[in-house]
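If you want the building blocks of each chain, they are given just below.
Number of protein chains: 2
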Amino acid sequence: MLSLKARPLTEDAFATFGDVIDRRIAKSFTINGGRTQRYHDLARVETLGEGARALVSLFVSQPVPVPLDVDFLERHPKGSQAFIPLHGERFLIVVAPPGETIDPNNVQAFVTDGRQGVNYRAGTWHAVQSVLDREGEFLVIDRGGPGHNCDEYPLKVRVTLD
Amino acid sequence: MLSLKARPLTEDAFATFGDVIDRRIAKSFTINGGRTQRYHDLARVETLGEGARALVSLFVSQPVPVPLDVDFLERHPKGSQAFIPLHGERFLIVVAPPGETIDPNNVQAFVTDGRQGVNYRAGTWHAVQSVLDREGEFLVIDRGGPGHNCDEYPLKVRVTLD
Chain A
86 MLSLKARPLT EDAFATFGDV IDRRIAKSFT INGGRTQRYH DLARVETLGE GARALVSLFV
146 SQPVPVPLDV DFLERHPKGS QAFIPLHGER FLIVVAPPGE TIDPNNVQAF VTDGRQGVNY
206 RAGTWHAVQS VLDREGEFLV IDRGGPGHNC DEYPLKVRVT LD
Chain B
86 MLSLKARPLT EDAFATFGDV IDRRIAKSFT INGGRTQRYH DLARVETLGE GARALVSLFV
146 SQPVPVPLDV DFLERHPKGS QAFIPLHGER FLIVVAPPGE TIDPNNVQAF VTDGRQGVNY
206 RAGTWHAVQS VLDREGEFLV IDRGGPGHNC DEYPLKVRVT LD
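If you read the protein sequences in the order shown, they are chains A and B. Its first residue numbered 86, the first sequence is counted upward by one per residue in the working numbering. Its first residue numbered 86, the second sequence is counted upward by one per residue in the working numbering.
In short, the hints are calculated from the structure, not lab data.
For identical chains, the list gives no copy identity; a pair is met inside one copy or between any two copies.
Pairs of lysine to any residue, SDA-like flavour, derived with a Cα cap of 20 Å:
{"id": "1", "residue 1": "K163", "residue 2": "G136"}
{"id": "2", "residue 1": "K90", "residue 2": "P148"}
{"id": "3", "residue 1": "K112", "residue 2": "V145"}
{"id": "4", "residue 1": "K112", "residue 2": "E222"}
{"id": "5", "residue 1": "K112", "residue 2": "Q147"}
{"id": "6", "residue 1": "K163", "residue 2": "A137"}
{"id": "7", "residue 1": "K163", "residue 2": "R138"}
{"id": "8", "residue 1": "K163", "residue 2": "R129"}
{"id": "9", "residue 1": "K112", "residue 2": "G229"}
{"id": "10", "residue 1": "K163", "residue 2": "D236"}
{"id": "11", "residue 1": "K241", "residue 2": "G118"}
{"id": "12", "residue 1": "K90", "residue 2": "D247"}
{"id": "13", "residue 1": "K241", "residue 2": "N117"}
{"id": "14", "residue 1": "K163", "residue 2": "E185"}
My request is simple: use the sequences and hints to build the entire structure.
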């Protein structure tokens, strides 16, 4: 079993896997006659294949135990998948780069700080949603449409926090 | 000037204009081995035209005075625009059906209850984001890409609450 300590999520460390959705690190401009600040284009939404479209959904998830034992990673080859916490929820992330197999040396674990959301790039291997502390609610933007869009890869990982 | 009293937002009353994003009225199913409930496909995201894509952004808006005086409505002919409050923010909505002109008899005003988000259909005339009570933060899903995607139509409306 692979053992990983979750590191604080940063944009640079996550760049291989997707986007960190966080207005503290985002560019913005003013709209609506000065009333609104727009933090613009925070995630690359991918919806590949004929007849595909972006879906907006809500996930309500029960918290995971820590250490977290993961048995597999999954990927969505045809679409990105974004998770934005609606109530300051922290969550654990386990990811590996796209590819037909997973090299255990390339698996990484992160922990968010409650304000961060993430967008997994199409094909990025990742653990299922793993909220910490309490029940979590997330706005999810992913792909709907025809064709196979979920693969699983068996991999045993134990993730710890400090 | 048109005077309208904002009515509580409901899915049925809003059906002409777009979607109400609210898991209390949504269908769901269980995923992630029982850990997550997925409230699925709550908004029809429209991104029309070659090279268009869905954008994920955050809007931080200052509150409007009530009564709210609106001078114009706007529409996005090539894309939908969804607003999901991140901290229970209530907001006012002023909408009119798609079309080259606006019939004042068809303009409607709604107020959300804090848990509701909305998705304006492409072409739906609407007032700019009008949060009540306090500064608001909204997750916004709209369209990016080439081509003209914002029209304004002058229309004076005064919106009151109960």
